[in-house]
Structures are given as C-alpha cells and as structure tokens.
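There are 2 protein chains.
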Amino acid sequence: MTNFSEWFHDILEEAELIDSRYPIKGMHVWLPHGFQLRKEILNILKNILDREHEEVLFPLLIPESELAKEGMHIKGFEEEVYWITHGGLTELKQKLALRPTSETAMYPMFALWVRSHNDLPLKIYQTVNTFRYETKHTRPLIRIREITTFTEAHTVHSSRKEAEDQVDKAIEFYKEYFDLLALPYLITQRPVWDKFPGADYTMAFDTIMPDGKTLQIGTVHNLDQSFAQTFDISFENPAGEHELGYQTCYGISDRVIASVIGVHGDEAGLCLPPNVAPNQMVIVPIIFKKEGQEVLEKCRILKTSLQKQGFRIHLDDRDIRAGKKYYDWEMRGVPLRIEIGPRDLKNNSAVIARRDTGEKFKVDLDNITEKVTETLNSITSNLREKAWEKLNSSIKQVDSVEEAQKQIEESKGIISFAWCGREECGKDIEEKVRVDILGIQGKEKNGNCFHCGSNAKYRALLSKTY
Amino acid sequence: MTNFSEWFHDILEEAELIDSRYPIKGMHVWLPHGFQLRKEILNILKNILDREHEEVLFPLLIPESELAKEGMHIKGFEEEVYWITHGGLTELKQKLALRPTSETAMYPMFALWVRSHNDLPLKIYQTVNTFRYETKHTRPLIRIREITTFTEAHTVHSSRKEAEDQVDKAIEFYKEYFDLLALPYLITQRPVWDKFPGADYTMAFDTIMPDGKTLQIGTVHNLDQSFAQTFDISFENPAGEHELGYQTCYGISDRVIASVIGVHGDEAGLCLPPNVAPNQMVIVPIIFKKEGQEVLEKCRILKTSLQKQGFRIHLDDRDIRAGKKYYDWEMRGVPLRIEIGPRDLKNNSAVIARRDTGEKFKVDLDNITEKVTETLNSITSNLREKAWEKLNSSIKQVDSVEEAQKQIEESKGIISFAWCGREECGKDIEEKVRVDILGIQGKEKNGNCFHCGSNAKYRALLSKTY
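Residue numbers (our numbering), protein chains in the order written: chain A, 379 to 844; chain B, 379 to 844.
These aren't lab readings, by the way, just hints derived from the structure by calculation. One thing to keep in mind: the hints can contain errors.
Which copy is meant is left open, so a pair is good if it fits within one copy or across any two.
[Claimed, not checked] Here are the simulated lysine to any residue pairs, SDA-like style, with alpha carbons at most 25 Å apart:
no. : residue 1 : residue 2
1   : Lys471    : Ile452
2   : Lys473    : His515
3   : Lys473    : Ile402
4   : Lys471    : Thr516
One chain only, chain A, in its complex shape (with noise of 0.2 Å):
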C-alpha cells in the first residue's frame, strides 16, 4: 500500500471497526464489527494468561496521594493525567486521577494481602479502560486518549530470581499470543532512559507496520524492590525476618489491533488471521432462478454443521450480486469463502477461496470440515510467514552513524547497529539520527560501538517509531 496512514484511516471506516467522529479528540466508539473483533483478540490473551493469573478488577479512579508516592512514577505520568476536581456540583477534598496504568491503585491493596511467604507468588491481571491525556497528533487505535483493552498482569515474588524468571515467562506468554495472531515481534531491553517510570528494567516488543515505522505492542517490566519499598509490600520470610517483595508487571493495549489490522491488510481491505477474525468463513450462495431454493437449503446445512463444530461463519443470503459479496468479504478480511452453486449441488461440492492468496478450489462436502481446518490453519501460517519476512527483511545492519542517518531518511525499516551501551553515546545517536533507540537485542562481542569507537557490548535497533 502506497499510503498506509490514509489506508488505516480509511479501513477502520470501510470496515466498520470504529467511528472516530465521537465529539472528544482520540476516543472512539468500537461498533460491532471491530467490537467482536477486539473480543475474539482479547480472549486469546486472557485464556494464556488464565493459566497462571487470577483476574481481577481495580477502580478507575486513584487518589493524587496515592499516585504520587513514587517519584519516578509520578514524574513519568503527570503530564498526561487527567485529573477529577469535582462530584457533582463540590470540589473535592483530594484530586482523583483517571489511571494512566494501575500500579498506584493496586500496590496499596498489595500491601494488604501480602503478609508471609505463604502469599506468594501473587499473580493477577486485568482488563480495563486506562487515560492518557495526548497532547501529540491521536490516531485511533495507536495514540489515544482512551484505551479500552488494556490487559495488565501484576506479580510479587519472595525472591530476585523468581521475578526474574517471571519477567522470562511473561515474554514467552506474549510470544505465544502473537504468534496466534500471525504477527511478527522484535524483543528488547529498553534504554535505561526509556524504561517503564519507577522500573529496574523493561523488555519490550514491537512489530512493524507498512510504513516501516515500528509500534510498541507490549511490555515486561521488572520493578524489582522499588514498588515494594514505596508501598510497604512485605513478607516473612521462612526465617521469620521481613523482607520486601519483588514485583513484576506486564501489559498489552489496543495496539496489537491496530497490528492485526495494520500488519496482514492489504490493498483489498482487512486480511485476518482465522484465530481472532469475527467470521472465519463466509457462505456464498450463487444462486439463479431455477435451483435457488434447494442451493440456499444446502447452504443452511452447511452452516449449521460448520457452527456445530465450532467455527465462526456466515451465511450471506441477502439479494444482490454474488461479486459485490465477495468484495464485501474481502474487505472485511473474511478468511474464507465458501460457494455453493447448483452445479456443486449435483456434484456435493463447494468452492473455498482464500482470502490471503486468492486461490480457489474445489472440495467434497462430504470432507469439507477437514480442509476448511487445513485451509485455516494454513492461512495462519502463511500471514506469520509472509509478516516475519517483511520484518526480517526491513532489518538493516549498519557500521556507522552517518549510513544510519542516510537509510532512516531514505528508506522505511530497522537499522541494527554494535553499540557500547553508554547512555551518553545512546542520546548522541538519537540526537544525530534524529529517532529513538528502540533498545538492546542481544550481547555483541566482538567489533566497536558504531557512534563512539569503543567496546562494543550490544546488538541494538533504531527505528522510526509510532
């Protein structure tokens, strides 16, 4: 796509995702089609996170008290909160945020429940609306001012190590749920200067738009003793002495939708992984005067019996040309069609046509079930494919500043450089690059800082980013 802003704009309308005309700058109202959508994205999340999380519910609303207890914390979010100062027609005593994330709502309750080494390991998440006052250009679904998904799992451990590990299982979590969405990720440790606000350290994943631009869709965020500490989260250890939790927590938002959309769309509209997409298949019946009825009755049975086993589909009856169905589905990356005409009535078949490739087949009714599985499970594997291409093959390894500065200019992907890991050096290069380190892939151990000359201790990625 030439104009993936324009495109993006443009589909979420086309599709009827969200209406953006809601009178308050970047919040949207989610119709029923990006409704089920949102849903079906959500609950593959929350069945991952159901193995090992309890979920819960925390108020929207935090006392500025509360809130303003960490330091780091508060400094990294008063800009963006949106403050209540009245109920009904009185001031209020205290302000009350609207929570930006909620760390200060739920460590005070934290301190509650923790008591002794008993109570832990605490592992809990929840999915709820969460307020950032955006002063940048909005963009639905990418910049907004309200997000509506945003699922956050917070954990307390009795030990350094274990909120380690946590931090490992919570990216192999996320690694999991993207890779049931088809998308394609990049993980890394943020620069200090970038991590979470009151964090030991955040890892971090992104993916990659059309554009070239990468966009953040989750993150993992060590906080180590320091939550502990503000909050007073302590335990009794098996020794009997107290000793501060170590905390952990983890969040996905409305952007991995926004990839979903973004990442496997094409010039033709929406393209959706069969897991998350409201309609897994659409019946088409094509139908002419004489054989009508009986064709449409097949369709019927077929619908039913694909339902009963579990699929998402559609039967789309309505009265008017069979190709400005098709063109509807497609736009709405529907990710099979199925045909039945009345001469696949006489030979009990059907036509499947996919939506990513646009192949077309002919298949037995009798074993329809089989290849409309095969098929699904196919177009998920092929969107992945096609997506961790597109990534690998935007990832560009550069040995100086200057060529990083002339690829980001000219062209649209990631630029992988050795880095010493100073963060002196690290502000330079975003200075000269003019865009932000998206942070540390992995160890270097050979060869020199690409900026600086010296030591090289990191592979690490710059970007254009949303």
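Using the hints, position chain B against chain A.
The following block gives chain B in isolation, referenced to the frame of chain A:
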C-alpha cells in the same frame, strides 16, 4: 439472619468477593472469587442480549455540552456527575463528565448512523463502568460510586408502537434473566416523579432483600421522541418524509450481584444458584492413610470427566480436615459437594451433599452425570421457589394510609394498595408513610383510593427501598 446489613458486609469479605478497603469511598476491588461470580452473572445477561442486540463500546467521557443538551436529563444527574477539569497540568477548554449512563454519549452518534427507515430498528448494548458521586451512605454493590457492570441497551425504532413493543420485549428478557438467577421480582411502572430523567415512562424490576427492603435490579425506559428531538435522530420514512426516531433504553447493574448474594444466602454463608456459581461442585476426598492414593486418583478421574461435560468443578485436595473443607465450600456457596472415601471406592459410589437443603445421598458413579445434572436443576428450582414464596408472603394488602404507616414501622414488607394515580395524592402518601411508592403494578377496577378516597385506578406498591 438477624442483621442482614452486617451479614452482607461480612460475607463479601469472608467469601473473598470484594475488598472494600480501597482508599476511595464507594469504590471496591473485585477479588478473584468475586470476579468469577460477576463474570458468570454477566455472561447470562449478555447471552440473552446477544440474541437481538449488537455489542458496542462507547467512550467513558462525555463533553459537558452534550450532557447538558437534554434539560430534564442534566437536571437529574448534575449533582452526581464526576467532572474532569484538567489533562495533565493543562486546564481543559471544556469539562468532561464520567458517564453516569450513556444516552448523551451515544445519541449524537445515533444521529449520524440513522438516516432511513432501513437503518431501523437499531439495537445495541454495552457493558461498562459508570460513575455516580453518591453523597448518601455507600454500600458495596448496592450504592457505589463506580458501577462496574452497567449493561445498557439502547434501541431506535420507526414507530411508537414498535418502541412500546420493545419495552415489553425488554421486560421479557429481564424476566428470563432473573429466572435463571432464581431471583423473584416485582414489576411496576414507576410514578411519574420517579421516572428516568427524560423518559416518557419507566418500568422497573425490584426484588426483596432479607431485611424486607426492596432493591431495584433493572429498569426499562420508553424515551419516546424526547431524546431524538434533542439529538436530532431522524429518519426518512417510506413516504419520503423526515420523522424523529422512537427510542427505548434499559439497563442492569451490580445490584443484581448483590441480589444473588443477599436473596439466596443464609447463616452458613453464600448459597449460589448453579447457573452462576464459579464452582458448581467441589469434590472432597475422604482420605485415611491406607487407600489415600486410590481415593485421590478416583477423584481426579471424576473431576476430569465432569469437567469435560462442561461443569465448573473443583477438587479440594488440600491436606486439612474434611470438616474444614465442608465449612469453606458451604460458606462460599458451592451448590454441590461430592465426597468420595475408601468405602465409596469399593462400592463405585459417591456421596452428594446439597448446599441449599443440606440433604445428603449416595449415588452410583456410573450415572453420576445424570444425578448431578438433576440435582443442580432441582437446586435452582428450589432456590427460585423459596425466594418467590418469601417475596409473595411479604406483600400485604392494606386499606388505609394509617395501616400502611403502622405496617412499615412494625414489619418488614411491601404494602399493596388501591390508588387513584394522582401525583398530588401520591406525594402526600409518600410524605405520610415516609417511604417511596415503588410504582403501579396493574389496573384496579373497583374500590377507592386508600388515601384520598376517590375512584381507584391502580394497584400500587409501597416499601422501604435501598
């Protein structure tokens, strides 16, 4: 129970449903067990609504200008709306309200969506958090400042008749819902001075709590054309003329969860209807040293087998006394307990204990599925029947205001009376009896108003309310 208020407060804590120590009055944390109960209760409602509504999601915040558009509406809410005045350190140009309900968030968008009679009927719903700055004494799940499960449906129709029919349909949906929760209800039309601000008329569902006070658990409003007028929701009818839409809205909130807890609970704790119990049954192995492993193995097999059949089931294999386990699960309201011990192993049997009646009986493991299904159904019927009996027996017909006064003072019940229906007379009754008129239950053909003595038109109800 002698003191319902205390019982309710204690059980919320003991059964780990919510934590009310959150540092803002009237806002609470849903703990894992409470969250699961909340989810099951919500899911039943959503399944019913999904049959003919599409789910959407609107922003939480409403610009002051929209909220203020409908005169009656803003008057009804202005004293209890939370206002955001600042984004970060910046004062906002326009104040933003946290939705107390979503008419004024939705209807400006409806005006964009509705063009022709072909766009109608429009039927949508959403489940959201809503806010009321309650100044009265707050009470968990009953009078709260953040409602977390407000499920509000909104419809637009092309004729007054169709909107009226939708009100009837909504009443049927809610009856089905409350029946599934085994909750008894009174359906009345609220007095005109107590209808939803801006509505033509309001139908309401109330249930009765153990202390004899009624609790509103659902409302259905016919908005007629008043909001359509204000927000310019008009459509082109088949004759090519522009006409204002006819609207309804109806909603249910956290109070239904309070009712499930309060109506069915007893001295031993929660007593949950099987449809919504997070665990529908618990297996307790009766372990003596010898056959311990065999018993446990049998329990595991049974758990897996019942789980596969779709039951929500927990195996309590904690190393504590069986009596303590019984106590815990009774208190948490699990409908069925299945005990398996060494003797049962030999007989291929198990013992089932009902939470509602305390009854215990032996079942053959070969047909345990039918037995538990049967017993769960019987529990639902029994809970429903008992609750209806209690409701019905607490309604007393009285013939004078003085008698009503006495009844209200002395007993804990609902007063049924013949009423003329005039606002002046109604307000006078409320003043004298010092409780609110719930509403009109039906027409009354003979007799005189129990207060003013003129011809009675209606049978109406009075009660202490939450």
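Verification of the supplied hints:
no., hint, result
1, Lys471 with Ile452, "both (20 Å within a copy, 24 Å between copies)"
2, Lys473 with His515, "between (27 Å within a copy, 21 Å between copies)"
3, Lys473 with Ile402, "both (22 Å within a copy, 11 Å between copies)"
4, Lys471 with Thr516, "between (32 Å within a copy, 18 Å between copies)"
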